[in-house]
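Engineer: Take a look at the letters that make up each chain.
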Amino acid sequence: MRLRRILILFAVQTVILVCIGGYLYYTSMKDAALEEAERRLRTTATNVSRDLHRYLTQFEQPVRALAGMRETQHALAGDDPGALREANRMLDHYTSAFGVSVCYIMGPSGRTIASSNRDEPDSFVGQDFGFRPYFRKAISGQPHVYLALGTTSEERGAYSSHPVYSDETGKIIGVAVMKASVEYVETKLLSVDKGTFLVRDPQGVIFISNRQDWLYKSTADLTEQDRRAIEKSQQFGDGPWPWIEWDIDGNRVESPESNIYLASTRSLPSFPGWELVYMRSRQKILNSVQQPFVRILGPLVAGLCILIGLYVFFLYTRAEQELSRRRKAEQDLRKSERDYRYLYHNTPAMLHSIDTDYRMIQVSDFWLEATGYTREEVLGRNLTVFLTPDSKKYAENTILPYFFRTGFCRDVPYRLIKKDGSTMDILLTCNAILDEHGEISRTLAVSVDVTERKKEQEELERAKEKLSQYSRQLERLVNQRTQEFTGILKYTPALIYLKNTDGTYRLINDRFREILSLQGQDVYGRTDDDILPPDFAAQISQNDRHVLQTHAAFRFTERLELADGIHVYLSIKFPIYSEEGQINALCGILTDITELQRVQNRLRNLSRNIIADQEREREAISRELHDELGQMLTALRMDCVWLASYLLDKEETAWKRATTMRDHIDKTLDDVSRMSHELRPGVLDDLGLIDAVESLISDYEQRTEMAYIFEHHDVPELPKTESTAVYRIVQEALTNSVRHSRATQVSVSMHREDGHLHVHVRDNGLGLPGDQEAQGFGITGMQERAYIVGGELRMERAPGGGTSVICRVPLVEAPDSGAHTNPEQGERL
Amino acid sequence: MKVLLADDHSIVLDGLRRIIEDCEDMEVLAEASDGTRALEAALKTRPDVAVIDISMPDIDGLELINRLLSHYPDLPIVVLTVHEDRQYMYRAVQAGAMGYITKRSASEQLVQALRKVQSGKRFFPEEVAEALALHLSRKGSEEDLPGSLSMRELQVLRQLAMGSTNQEIAESYNISVKTVDTHRQRILKKLGLRNNADISRFAHEHNII
Chain A
1 MRLRRILILF
11 AVQTVILVCI
21 GGYLYYTSMK
31 DAALEEAERR
41 LRTTATNVSR
51 DLHRYLTQFE
61 QPVRALAGMR
71 ETQHALAGDD
81 PGALREANRM
91 LDHYTSAFGV
101 SVCYIMGPSG
111 RTIASSNRDE
121 PDSFVGQDFG
131 FRPYFRKAIS
141 GQPHVYLALG
151 TTSEERGAYS
161 SHPVYSDETG
171 KIIGVAVMKA
181 SVEYVETKLL
191 SVDKGTFLVR
201 DPQGVIFISN
211 RQDWLYKSTA
221 DLTEQDRRAI
231 EKSQQFGDGP
241 WPWIEWDIDG
251 NRVESPESNI
261 YLASTRSLPS
271 FPGWELVYMR
281 SRQKILNSVQ
291 QPFVRILGPL
301 VAGLCILIGL
311 YVFFLYTRAE
321 QELSRRRKAE
331 QDLRKSERDY
341 RYLYHNTPAM
351 LHSIDTDYRM
361 IQVSDFWLEA
371 TGYTREEVLG
381 RNLTVFLTPD
391 SKKYAENTIL
401 PYFFRTGFCR
411 DVPYRLIKKD
421 GSTMDILLTC
431 NAILDEHGEI
441 SRTLAVSVDV
451 TERKKEQEEL
461 ERAKEKLSQY
471 SRQLERLVNQ
481 RTQEFTGILK
491 YTPALIYLKN
501 TDGTYRLIND
511 RFREILSLQG
521 QDVYGRTDDD
531 ILPPDFAAQI
541 SQNDRHVLQT
551 HAAFRFTERL
561 ELADGIHVYL
571 SIKFPIYSEE
581 GQINALCGIL
591 TDITELQRVQ
601 NRLRNLSRNI
611 IADQEREREA
621 ISRELHDELG
631 QMLTALRMDC
641 VWLASYLLDK
651 EETAWKRATT
661 MRDHIDKTLD
671 DVSRMSHELR
681 PGVLDDLGLI
691 DAVESLISDY
701 EQRTEMAYIF
711 EHHDVPELPK
721 TESTAVYRIV
731 QEALTNSVRH
741 SRATQVSVSM
751 HREDGHLHVH
761 VRDNGLGLPG
771 DQEAQGFGIT
781 GMQERAYIVG
791 GELRMERAPG
801 GGTSVICRVP
811 LVEAPDSGAH
821 TNPEQGERL
Chain B
1 MKVLLADDHS
11 IVLDGLRRII
21 EDCEDMEVLA
31 EASDGTRALE
41 AALKTRPDVA
51 VIDISMPDID
61 GLELINRLLS
71 HYPDLPIVVL
81 TVHEDRQYMY
91 RAVQAGAMGY
101 ITKRSASEQL
111 VQALRKVQSG
121 KRFFPEEVAE
131 ALALHLSRKG
141 SEEDLPGSLS
151 MRELQVLRQL
161 AMGSTNQEIA
171 ESYNISVKTV
181 DTHRQRILKK
191 LGLRNNADIS
201 RFAHEHNII
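In order, the protein sequences belong to chains A and B. Once you know that position 24 of the first sequence is 24 in the working numbering, the rest is easy, because the numbers rise by one and skip nothing. Once you know that position 59 of the second sequence is 59 in the working numbering, the rest is easy, because the numbers rise by one and skip nothing.
Since the hints were made in silico from the structure, they are not lab data.
Here are the simulated distance ranges between beta carbons: (1) N605(A) <-> Q167(B): 51 to 59 angstroms; (2) G801(A) <-> T165(B): 30 to 38 angstroms; (3) N195(B) <-> G801(A): 23 to 31 angstroms; (4) G801(A) <-> Q167(B): 28 to 36 angstroms; (5) R46(B) <-> D649(A): 32 to 40 angstroms; (6) D649(A) <-> T165(B): 37 to 45 angstroms; (7) R46(B) <-> N605(A): 49 to 57 angstroms; (8) G120(B) <-> N605(A): 53 to 61 angstroms; (9) R797(A) <-> Q94(B): 34 to 42 angstroms.
Just so we're clear, the structure is a prediction, and the values are computed from it rather than from any experiment. Built from N, CA and C at the ideal position, the CB exists for glycine as well.
Using the sequences provided together with the hints, build the complete structure.
Structural biologist: Structure, rendered in structure tokens:
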């Protein structure tokens with residue numbers, strides 16, 4: 001704001017100065033112009049008076065010539081008309097030749113005898129101009145020039161007269177006159193310059209002027225006497241020659257309107273007392289100076305003002321920019337100062353500064369807070385006062401000298417004494433602040449409290465130690481485990497291998513090596529085809545792939561032909577996962593079950609044989625009972641009946657005994673029949689499985705209140721072992737249903753499918769009880785029966801409630817190896 | 001009446017012969033102790049009736065029926081068996097036997113059976129007659145509706161069709177009235193029937209009575 005005011009003031013001053021300068025210049029110009037004008041006025045006056053004089057007196061020679069002419073003398077000589085004619089012709093000639101108004105000749109009395117204007121209305125001929133001074137002078141022998149208003153012609157003129165001398169006598173006989181108009185003077189000579197000219201006679205009457213209204217007026221107030229004299233002379237007409245009311249005197253004239261005129265007066269030499277006055281209006285002169293000045297200087301001044309204005313504006317904006325820049329810089333500076341102060345005190349770091357005498361000169365709030373001192377207790381005191389003796393020594397001997405040499409130190413470990421007497425471990429980093437001479441003037445130090453950190457570090461060390469101890473222990477444990485596992489791997493009779501996912505081996509155990517005769521060889525990176533017999537390799541590869549594809553553990557049966565025959569292995573294979581959950585290896589454990597299987601088969605055959613024997617036995621007994629005892633009893637009964645009929649009417653006591661005997665035989669037959677049937681139903685042997693089951697169901701129908709449905713389809717004739725097994729299974733299942741299920745309906749179905757006989761016994765009862773009770777349901781017995789004939793059996797909850805017994809018996813004799821598992825597919829674990 | 005006896009038990013043969021010979025108008029034309037001999041004897045002697053034990057060595061009874069009938073389609077055959085099992089009876093009837101008796105009832109029923117079959121009729125003991133009829137009707141329509149019923153249901157159906165009350169049926173089969181009713185409900189549901197009249201019509205249509 002202040003700047004703007006200063007600049008505006010400056011601009012105004014400049015404009016004023018320019019104006020003053022202009023004015024001064026103008027006034028000096030004006031004076032010079034006036035001076036010049038006066039000079040020119042004078043010059044012009046001189047020139048004009050000279051020209052005027054020359055013009056007025058130019059006819060002195062011609063009139064002398066005219067006076068000298070013969071014709072003039074002749075005309076004056078007598079009344080010879082011829083001579084007069086000659087004289088007139090001559091006068092005409094002179095008039096036209098010299099361009100004058102009129103030429104004429106006057107007699108000695110002053111009467112005009114001949115004139116060039118003789119034919120004009122105002123002809124001079126006959127006129128007497130003897131009163132004219134020009135005549136009197138000439139007649140007295142003096143040529144003369146006379147200025148006057150014509151009495152006849154009423155025209156102003158310059159009369160040039162010359163005496164005419166007679167050749168013969170030498171006496172003056174007349175006067176020759178040439179009159180020239182003075183209007184020429186007004187129109188030609190006096191119009192050359194702007195300004196007012198006037199020619200006045202000695203009385204002041206104005207005879208010639210370019211101001212026509214002034215003609216025949218006077219520059220002086222004429223007295224009556226003067227007026228009469230003039231009137232008498234007839235020089236300027238009849239008068240009254242009034243005063244023009246101007247005081248034309250000297251070179252400064254004032255008009256009645258108080259306008260100032262510059263004037264210059266010249267006397268005309270040939271006309272005593274006559275003066276030429278030349279006047280110019282001072283104002284006009286000034287105008288002529290002023291106008292060009294204003295015209296030139298005005299725009300100049302205006303342009304200058306504009307330039308100044310622009311310049312001032314330019315300066316102002318520049319200054320404004322500069323100022324705002326400075327202001328901003330100042331603000332920034334203030335702000336950064338404020339920030340600095342804020343940071344200094346609020347940064348959670350311990351900041352302090354010392355001077356070159358190690359005295360504390362500044363300390364941050366945080367420093368105080370951390371140490372417990374007040375600012376007054378700290379400022380001005382030596383830094384080393386706050387250090388422990390060790391640190392103090394270290395500071396004085398090492399750090400401070402070093403610092404004041406280099407201007408920098410970093411992470412210096414000090415120990416501070418706090419107000420409460422406890423110590424604090426710090427790391428101090430310090431920068432020097434230089435004065436303008438580049439000398440260290442003070443410091444800026446940052447201290448970090450590392451007490452905690454130090455403690456943590458120590459704890460970390462301890463933890464590390466512990467960890468390394470632990471890891472050593474772990475290592476020992478791992479070693480131990482490795483030893484154990486190596487032992488297991490080495491001595492286990494199982495074949496164990498570990499493979500990469502690409503099918504190459506990582507390791508195999510010694511037993512495997514031994515079997516493959518690979519002792520001492522490394523198998524790492526080798527494939528199945530590299531180390532295994534082709535058949536075995538194919539099985540292993542296929543099964544391993546299956547495990548890798550399904551991501552699950554499997555149990556397979558694999559066969560390897562060795563020198564002593566085919567060995568059967570039960571292979572457990574499972575993927576091994578990395579920490580990321582990716583499969584990165586596959587492990588296989590192959591257990592030789594050749595012997596086990598052999599024993600198993602033997603055992604099964606044994607069971608089968610035992611049961612078969614048992615059945616055979618029962619069948620034999622059953623048959624024995626039926627066919628021998630039964631037939632015998634039947635025959636006996638027939639005899640008994642015959643005997644009874646014979647004794648009837650003959651021997652009543654004997655007849656009674658016979659009928660009683662028959663009843664006994666009947667009862668015995670019933671027992672035999674039942675025993676036989678229970679031992680083994682003859683219908684199974686005689687009519688086959690279907691009839692036996694029909695019979696069984698029929699029997700149950702008679703004995704129980706359940707509804708039985710027996711469906712069978714495409715059931716072939718079975719070998720005795722199989723049909724017995726199925727019969728017994730159905731019998732057991734039905735018994736279960738009757739005993740435990742409280743069912744109202746039982747269905748038995750049999751059909752052939754996939755080379756197996758499928759048997760399904762289902763009731764709509766309570767369903768299967770828990771596992772343990774299920775053992776009491778004879779499921780073991782049923783499974784045993786099924787197992788012996790190579791079949792399988794399971795008991796499960798039927799859909800919609802009740803119990804299902806589902807059994808599958810192969811219709812062709814199963815191979816020896818036929819166990820639970822299908823060796824091709826494996827069993828998922 | 002000339003009778004052919006075939007039984008592998010000579011002691012039974014003796015008994016049978018005695019029964020037959022007690023009748024004046026009957027004589028035992030030939031006796032055979034196995035199937036082969038029985039066939040030979042039949043071809044040689046042209047008996048009026050054949051009495052055959054269903055279980056015999058070499059050719060068993062059922063096979064023997066087939067062979068005899070292939071030579072003499074009109075030969076009435078009475079099957080004799082020591083088995084109480086009705087399966088034997090069904091098979092014998094299916095094979096073409098006209099009569100059936102158990103050996104123990106031979107003393108009482110043989111003569112009667114012989115006379116009946118000789119006159120071109122069938123003979124079966126009363127207690128098995130119904131079961132046989134039901135069995136045959138079921139076998140005859142394996143894919144048909146009666147095939148979906150159990151034996152006991154067929155029995156109940158037959159009884160109901162003949163106009164027996166639930167009480168009577170329960171007594172005759174020695175089961176509870178409630179069970180009879182359960183059977184009845186299941187029959188109605190299985191066969192899509194509504195009442196006893198429907199049951200009666202169904203039984204007639206399917207020759208169950």
